[in-house]
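Asker: The chain contents come next:
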Amino acid sequence: MTVLATPDKTGSGFPLGFDAILDPSPLQYLDEHGALSGALRDDAPELDPKELLATWRAMVIGRRFDVQATTMVRQGRLAVYPSSFGQEACEIGAILALRPTDWFFPTYRDCVSMVTRGIDPVETLTLLRGDWHCGYDPQHWRTAPQCTPLATQAPHATGVALAAKLAGDATVALAFCGDGGTSEGDFHEALNFAAVYQAPAIFFVQNNQYAISVPLAKQTHAAALAHKAVGYGMAGVRVDGNDVIAVRRAVSEAAERARAGQGPTLIEAVTYRMQAHTNADDATRYRDESEVEYWKARDPLARLETYLKASGLLTEDVVAEANQAAEELAADMRTRLGEEPEVDHRDMFAHVYAEPTPQLLEQAAALQAEIDAESEAGR
Amino acid sequence: MTATLDGAKTQGAEVREISLAQAVNRALRDAMTADEKVVVFGEDVGVLGGVFRVTDGLTRDFGENRCFDTPLAEAGIMGTAIGMAMYGFRPVVEMQFDAFSYPAFEQIASHLAKMRNRTRGRLPLPVVVRVPYGGGIGGVEHHSDSSEGYFVSTPGLHVVTPATVSDAYTLLRAAIESDDPVIFMEPKRLYWSKDQLTTSGPEIGKAAVRRQGTDATLIAYGPTVQTALEAAEAGAAEGYDLEVVDLRSLVPFDDETVTASVRKTGRAVVIHEAVGFGGTGAEIAARVSERCFHWLEAPVRRVTGFDIPYPPPKLERHHLPSVDRILDAVASLQWEDR
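These protein sequence lines are chains D and Y, in that order. Be aware that the first sequence starts at 1, since it is given in the working numbering, and climbs by one per residue. Be aware that the second sequence starts at 1001, since it is given in the working numbering, and climbs by one per residue.
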């Protein structure tokens, strides 16, 4: 059997059709007023009450995590924190559509996704706190280390997806990147490889309108980032990135296609970065307050909440339980991130190679002698 | 499928000489036979068998899921290999020509080299990157660079470079078995050199003394080992008894063998094709000076390529370290009794 087959350009690899890809209006099921829109039937699986409440609860907790982390960077407990406030529909909707066995490739802005995956908040923030480059076990969580260069993790997702396909596993690999990341060469090489090999990969672009200070109009001349899928011969979808139902559905369908051997999908989720790039950035220098207000009215959490309240699903008990869980998580973050992290200088040399080189052993011994001398001198 | 080397040997078939390129091919075959997680991919490595025929017949014999052509994109090749290694495969990728590896350099420096470190050892990347390197084959620009310096100064990578047929086989087998990424620098002008093959060899990190001598040590690797041996022969006619050390592995570096040799001879010349300024030879000269200062009769000399972009083919003979240039360096090592 040849797994590395040429994609069938006339077959079901393009269930949406090129017309759908080229339509720049985003897929939406829940409008900004919290009312159902689009073509969702009332019995659509996305509207399963249990699933909707679980999604909402994850968004409440995710937002509390984000707010707490932002506070802790102001307190000097984190070196830096790139907020994803306002992007919860993407962060959470995409992750909840994956299986635990699927691989996830996050960027530095995707802590909320990682917490939603189940990773401990302190392990999630290890990179940004500065005690090590990655705090969790990537194999256990099927989650790559957060990537700080832009889009360089996208080819890794292609590699994992290709490997899973060759191994005959039903694993899907999903890589996040931002609108800025779509300008990088690695983004394009990743998409092209994935399409050529029909690898079960999903490339999820959170188009939050700015790459630090540079707006989308200076990032691309394309009418939509999802259009880039056409050039690679893969499915492309543009979704309302503040509509968690649409995001969840788009990723579920992409994962289904990938598992069915129908290749990769590019998803562009149109959203907005409510906070500055990081605490070191001054967003007032490059964008108007009126623009922020416009997006505030499209908040993904409020939107789902309005819908759930109108449907009578959001009872006081449900709200109280979620709020309590969110506050417990925040309290736990304050306690544990308030402690001075333990760092071991020997780690610097221990994980460069499986066996340290003789040169590294010499340097480690020299540093140890220095530290021993300092401690003997009582410094 | 072609018989493995060991199988062939029992049939007494290994008396014939094979080329260095064939030895690399044999190592790939034997590694692919031994471990189904070993996959080979890159530009033109499939049906064509590589532009140097190093991967000849692998797709035919192992199928296109084990050896396959990629789109023409080195960062994509490198990044895909990283992802496949994350999923438990052992990819061996080809960078076709030295300077073609530059588009992949971000993947190599930012991810391949650092993934083990970033994840505290939880995500090792057993990837081998084959880089045919160096000049002397009349290639046009971007086909003759010696790019080892970039890799050598990137912690997390092993960098090895064979100079003999047997080392090409044994070091590549060791590289594929390594749980760390290995940059496997293949001296392309030695691809057609022939010898009998020995399949047992050293672990990565051991240098070899190719020629014993007492007057000075010529420290070389890859393509310049042959030049150094020729210089040693020519030097003998001029009364120099020269020792030749073949480093084989640049990272880890075999200080022990190099130090022992230079302490014995008291003089050293480092030879490589890459530019001298900030090059690997500068590091080697510094290490030798630090360890052998009291044994040295003269400063450590370097014979390297000039500090220029690799010249056009009609000029490369002036750029590459030559027997004459090596012997001039030897002659300058402050011999009071000559």
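Hints were generated in silico from the structure; no laboratory data involved. If you're wondering where the values come from, they're calculated on a predicted model, not measured in any experiment. There may be inaccurate statements among the hints.
To be verified - Between beta-carbon pairs, the in silico distance windows are:
no., chain 1, residue 1, chain 2, residue 2, range
1, Y, 1278, D, 214, 28 to 38 Å
2, D, 370, Y, 1278, 45 to 55 Å
3, D, 362, Y, 1196, 29 to 39 Å
4, Y, 1072, D, 376, 18 to 28 Å
5, D, 343, Y, 1051, 19 to 29 Å
6, Y, 1155, D, 218, 31 to 41 Å
7, Y, 1278, D, 343, 47 to 57 Å
Stated by the list, open to error - With a Cα cut of at most 25 Å, we get these calculated SDA-like pairs of lysine to any residue:
no., chain 1, residue 1, chain 2, residue 2
8, D, 296, D, 215
9, Y, 1206, D, 352
10, Y, 1264, D, 358
11, Y, 1037, D, 139
12, D, 309, D, 139
13, Y, 1206, D, 349
14, D, 296, D, 52
Claimed, not checked - Residues from chain D that keep clear of chain Y, each with C-beta distances beyond 10 Å, as calculated:
no., residue
15, 28
16, 36
17, 40
18, 49
19, 120
20, 158
21, 160
22, 190
23, 196
24, 284
25, 285
26, 368
27, 370
Glycine is no exception: its CB is placed at the ideal position from the N, C-alpha and C atoms.
Asker: Would you assess whether residue 49(D), listed as outside the interface, keeps its beta-carbon beyond 10 Å of every beta-carbon in chain Y?
Answerer: holds (37 Å)
Asker: Beyond 10 Å from every chain Y Cβ: check whether that's true for residue 370(D).
Answerer: holds (18 Å)
Asker: Beyond 10 Å from every Cβ of chain Y: is that where the Cβ of residue 28(D) lies?
Answerer: holds (32 Å)
Asker: Evaluate the condition: distance from the CB of residue 40(D) to the nearest CB of chain Y exceeds 10 Å.
Answerer: At roughly 35 Å from the nearest Cβ of chain Y, residue 40(D) sits farther out than 10 Å, so the non-interface label holds.
Asker: Is it true that the CA of residue 309(D) sits at most 25 Å from the CA of residue 139(D)?
Answerer: Not satisfied, since the Cα-Cα distance of roughly 39 Å exceeds 25 Å.
Asker: Given the hint of 45 to 55 Å, check if residue 370(D) and residue 1278(Y) actually sit that far apart at their C-beta atoms.
Answerer: violated (28 Å)
Asker: Compute the least Cβ-Cβ separation between residue 120(D) and chain Y, then decide whether it is above 10 Å.
Answerer: Given a closest Cβ separation of 15 Å, the condition holds.
Asker: Please confirm whether residue 158(D) is truly not at the interface, meaning its C-beta sits more than 10 Å away from all C-beta atoms of chain Y.
Answerer: Incorrect as stated: the minimum Cβ-Cβ distance to chain Y is 5 Å, not above 10 Å.
Asker: Tell me if the straight-line CA distance from residue 296(D) to residue 52(D) falls inside 25 Å.
Answerer: holds (22 Å)
Asker: Take a quick look at whether residue 1264(Y) and residue 358(D) sit within 25 Å of each other, Cα to Cα.
Answerer: holds (22 Å)
Asker: Just checking, residue 196(D) versus chain Y, shortest CB gap more than 10 Å?
Answerer: Non-interface label fails for residue 196(D): nearest chain Y Cβ at 6 Å, not farther than 10 Å.
Asker: Regarding the pair residue 1206(Y) and residue 352(D), is the alpha-carbon distance no greater than 25 Å?
Answerer: holds (19 Å)
Comparing the model with each numbered hint stated earlier shows that hints 2, 4, 5, 7, 12, 20, 21, 22, 23 do not hold.
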